[in-house]
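> One letter stands for each residue in the lines below.
Protein chains: 2
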Amino acid sequence: MRILITGAAGFLGSHLCERLLSEGHSVIGMDNFLTGDPQNLAHLTTNENFSFIRHDVSNFIFVPGKLDAVLHFASPASPNKNSPYGYPNLPIQTMKAGALGTHNALGVAKANNATFLLASTSEIYGDPEEHPQKETYWGHVDPTGPRSMYDEAKRFAEALTMSYHRFHGIDTRIVRIFNTYGSRMRLDDGRVIPNFIQQALRNEPLTIYGEGKQTRSFCFADDLIEGIYRLLLSGIHEPVNIGNPVEMTVLELAVKVNEIINNPAGLIINEDLRLGNDPERRRPDITKARELLNWEPQYTLVQGLEKTIPYFKMKLGI
Amino acid sequence: MRILITGAAGFLGSHLCERLLSEGHSVIGMDNFLTGDPQNLAHLTTNENFSFIRHDVSNFIFVPGKLDAVLHFASPASPNKNSPYGYPNLPIQTMKAGALGTHNALGVAKANNATFLLASTSEIYGDPEEHPQKETYWGHVDPTGPRSMYDEAKRFAEALTMSYHRFHGIDTRIVRIFNTYGSRMRLDDGRVIPNFIQQALRNEPLTIYGEGKQTRSFCFADDLIEGIYRLLLSGIHEPVNIGNPVEMTVLELAVKVNEIINNPAGLIINEDLRLGNDPERRRPDITKARELLNWEPQYTLVQGLEKTIPYFKMKLGI
Numbered sequence: 001m002r003i004l005i006t007g008a009a010g011f012l013g014s015h016l017c018e019r020l021l022s023e024g025h026s027v028i029g030m031d032n033f034l035t036g037d038p039q040n041l042a043h044l045t046t047n048e049n050f051s052f053i054r055h056d057v058s059n060f061i062f063v064p065g066k067l068d069a070v071l072h073f074a075s076p077a078s079p080n081k082n083s084p085y086g087y088p089n090l091p092i093q094t095m096k097a098g099a100l101g102t103h104n105a106l107g108v109a110k111a112n113n114a115t116f117l118l119a120s121t122s123e124i125y126g127d128p129e130e131h132p133q134k135e136t137y138w139g140h141v142d143p144t145g146p147r148s149m150y151d152e153a154k155r156f157a158e159a160l161t162m163s164y165h166r167f168h169g170i171d172t173r174i175v176r177i178f179n180t181y182g183s184r185m186r187l188d189d190g191r192v193i194p195n196f197i198q199q200a201l202r203n204e205p206l207t208i209y210g211e212g213k214q215t216r217s218f219c220f221a222d223d224l225i226e227g228i229y230r231l232l233l234s235g236i237h238e239p240v241n242i243g244n245p246v247e248m249t250v251l252e253l254a255v256k257v258n259e260i261i262n263n264p265a266g267l268i269i270n271e272d273l274r275l276g277n278d279p280e281r282r283r284p285d286i287t288k289a290r291e292l293l294n295w296e297p298q299y300t301l302v303q304g305l306e307k308t309i310p311y312f313k314m315k316l317g318i
Numbered sequence: 001m002r003i004l005i006t007g008a009a010g011f012l013g014s015h016l017c018e019r020l021l022s023e024g025h026s027v028i029g030m031d032n033f034l035t036g037d038p039q040n041l042a043h044l045t046t047n048e049n050f051s052f053i054r055h056d057v058s059n060f061i062f063v064p065g066k067l068d069a070v071l072h073f074a075s076p077a078s079p080n081k082n083s084p085y086g087y088p089n090l091p092i093q094t095m096k097a098g099a100l101g102t103h104n105a106l107g108v109a110k111a112n113n114a115t116f117l118l119a120s121t122s123e124i125y126g127d128p129e130e131h132p133q134k135e136t137y138w139g140h141v142d143p144t145g146p147r148s149m150y151d152e153a154k155r156f157a158e159a160l161t162m163s164y165h166r167f168h169g170i171d172t173r174i175v176r177i178f179n180t181y182g183s184r185m186r187l188d189d190g191r192v193i194p195n196f197i198q199q200a201l202r203n204e205p206l207t208i209y210g211e212g213k214q215t216r217s218f219c220f221a222d223d224l225i226e227g228i229y230r231l232l233l234s235g236i237h238e239p240v241n242i243g244n245p246v247e248m249t250v251l252e253l254a255v256k257v258n259e260i261i262n263n264p265a266g267l268i269i270n271e272d273l274r275l276g277n278d279p280e281r282r283r284p285d286i287t288k289a290r291e292l293l294n295w296e297p298q299y300t301l302v303q304g305l306e307k308t309i310p311y312f313k314m315k316l317g318i
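Those protein sequence lines, which keep their order, are chains A and B.
Using the numbering used here, the letters of the first sequence correspond one by one to residues 1 to 318.
Using the numbering used here, the letters of the second sequence correspond one by one to residues 1 to 318.
The shape of chain A in the complex, shown without the other chains (with noise of 0.2 Å):
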């Protein structure tokens, strides 16, 4: 196939990219570099079946030649209100991704005849009511909070792809991801786990935000590309988590990152939560996923841990 990614520079689209090139497909990457880096790609810019084009997704998606399948992942993605990356400081960017964005690449998908697959999020749950999370569940968002210009964006995202499907008759899927780890995520994405490392690796105590009994569950990002490539070669159009149904305390998470690094230096509690209605719990129920794509999680946090830690390494020149 020959396939178009957004946000091929982020953390998820660059380990697409190189998944579907080792799977032999021709594989276009598409990123403004907004939140994306251009590092994540040098080491693919000299296979044959890579090309890369610089282009907002906001404005219209030309793409020379036929396109077999449009994967659309770009969007800031970090809650991370610190950081100039995290979408509460990108709120207007964010927004246009999820919808002008959304709306070209279904465009180019449309005019191409090729399947397309939307990036969503479990954020689309909120602060959820129900637990673990299934696809049938509508959410809880708050419409005008500090997170729905990521939230609503996504929201939105989805109900238009459904729309295309059922207006245009495209063939769509909708990958609603759980929380994800692995090398390449950004140093200041501002997430738990990649904070967790760095800190380890300086042997500098753990800061944990509220009081750490706030439960997420974490899946490795080579599970999570696995689960993605088989919804795309599925043909399911209705949304489908892909996720780690293994549920932990960020206090349980914590202690686990110090083990594994050896850091002597403990934790910090922190009790002023990072960003308001910062969700409780989250996790996904994937009985969808294993039984229509035979998937699950195939890493341990400890195994996925060890696979990610050196990069972090050598980022921070340790």
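Be aware that one or more of the hints could be misleading.
A pair counts as met if it fits within one copy or between any two copies, since identical chains are not told apart.
[Stated by the list, open to error] With a cut-off of at most 25 Å between alpha-carbon atoms, the simulated DMTMM-like pairs for lysine to aspartate or glutamate come out as follows:
1) Lys110 - Asp56
2) Lys66 - Glu18
3) Lys315 - Glu247
4) Lys81 - Asp171
5) Lys81 - Asp37
6) Lys66 - Glu23
7) Lys313 - Glu135
8) Lys313 - Glu211
9) Lys307 - Asp188
10) Lys307 - Glu291
11) Lys81 - Glu238
12) Lys134 - Glu204
13) Lys315 - Asp68
14) Lys81 - Glu291
Rather than coming from a laboratory, the hints here were simulated on the basis of the structure.
For this one, chain A is given, so just place chain B on it according to the hints.
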């Protein structure tokens, strides 16, 4: 003030133009006539304070001269899947009006340092689990359901409006409009009051979808416009419900319409509901509008219907 109104040829847009002109403002109407009707503005064309630009708000908006306010009312708004004007049959246009249209309308407000008012809707509450609905309720909307093109477009528009307020400091307003009726609704609008009035005027039995036990709260257009005008002049940036809190069943409404029009043909119960996820109950909590705008509806249902029915008689030539 010099005021731009998008969706000016629609039901509410045209009433709003009239009201603002009567208050001495200068009004520029904008519409692409996708669902609006030029006849709704025909009587204003000789007013020297009124001008009109035919334009699709999904495309960049330019208006010569300084604007003091931008009121964004452009959107298909009827849920009738049997009408070519219903949003289920205009899903892409509906989502474009909500996303690109709101983005462009906010852009022209920003360029003019003008006040922006978004026409939002009780539909952002979806099928509510809280009753009546306060502005603090986050809603219960299916992001990929058959009404999602409208509900998610409006939720997105609210989030984008708040982002422009918080990030760019734009002076914004959000009105959440509950069921409203009055003259200039399309004959094929498909909502219950125009349907009932026309059937009664033709001495046909009124068709009740479902069992007629679903409740609605109907606000007369003049009351609604008064509330919107007060909100525009206020400094309130958070969403405000405007609607009539008097709740009745669709069955009660039907009996009332037959009584006023003196229709002997009675009712027909049709148990197939019109559209998936048609909300069972919807009633505004208008405490905020009462306290902050000193507003509440003045018209009873009978008074409002008596001012509405002549329009339908005229349109039907009865």
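> For every hint, state whether the structure bears it out.
Outcome of the hint check:
no.: 1; hint: Lys110 - Asp56; result: both (19 Å within a copy, 22 Å between copies)
no.: 2; hint: Lys66 - Glu18; result: within (21 Å within a copy, 52 Å between copies)
no.: 3; hint: Lys315 - Glu247; result: neither (29 Å within a copy, 62 Å between copies)
no.: 4; hint: Lys81 - Asp171; result: between (36 Å within a copy, 23 Å between copies)
no.: 5; hint: Lys81 - Asp37; result: within (19 Å within a copy, 45 Å between copies)
no.: 6; hint: Lys66 - Glu23; result: within (19 Å within a copy, 57 Å between copies)
no.: 7; hint: Lys313 - Glu135; result: neither (37 Å within a copy, 48 Å between copies)
no.: 8; hint: Lys313 - Glu211; result: neither (28 Å within a copy, 66 Å between copies)
no.: 9; hint: Lys307 - Asp188; result: within (19 Å within a copy, 61 Å between copies)
no.: 10; hint: Lys307 - Glu291; result: neither (28 Å within a copy, 58 Å between copies)
no.: 11; hint: Lys81 - Glu238; result: between (32 Å within a copy, 22 Å between copies)
no.: 12; hint: Lys134 - Glu204; result: neither (38 Å within a copy, 46 Å between copies)
no.: 13; hint: Lys315 - Asp68; result: neither (35 Å within a copy, 51 Å between copies)
no.: 14; hint: Lys81 - Glu291; result: neither (38 Å within a copy, 34 Å between copies)
In the structure shown, a violation is registered for the earlier hints numbered 3, 7, 8, 10, 12, 13 and 14, in ascending order.
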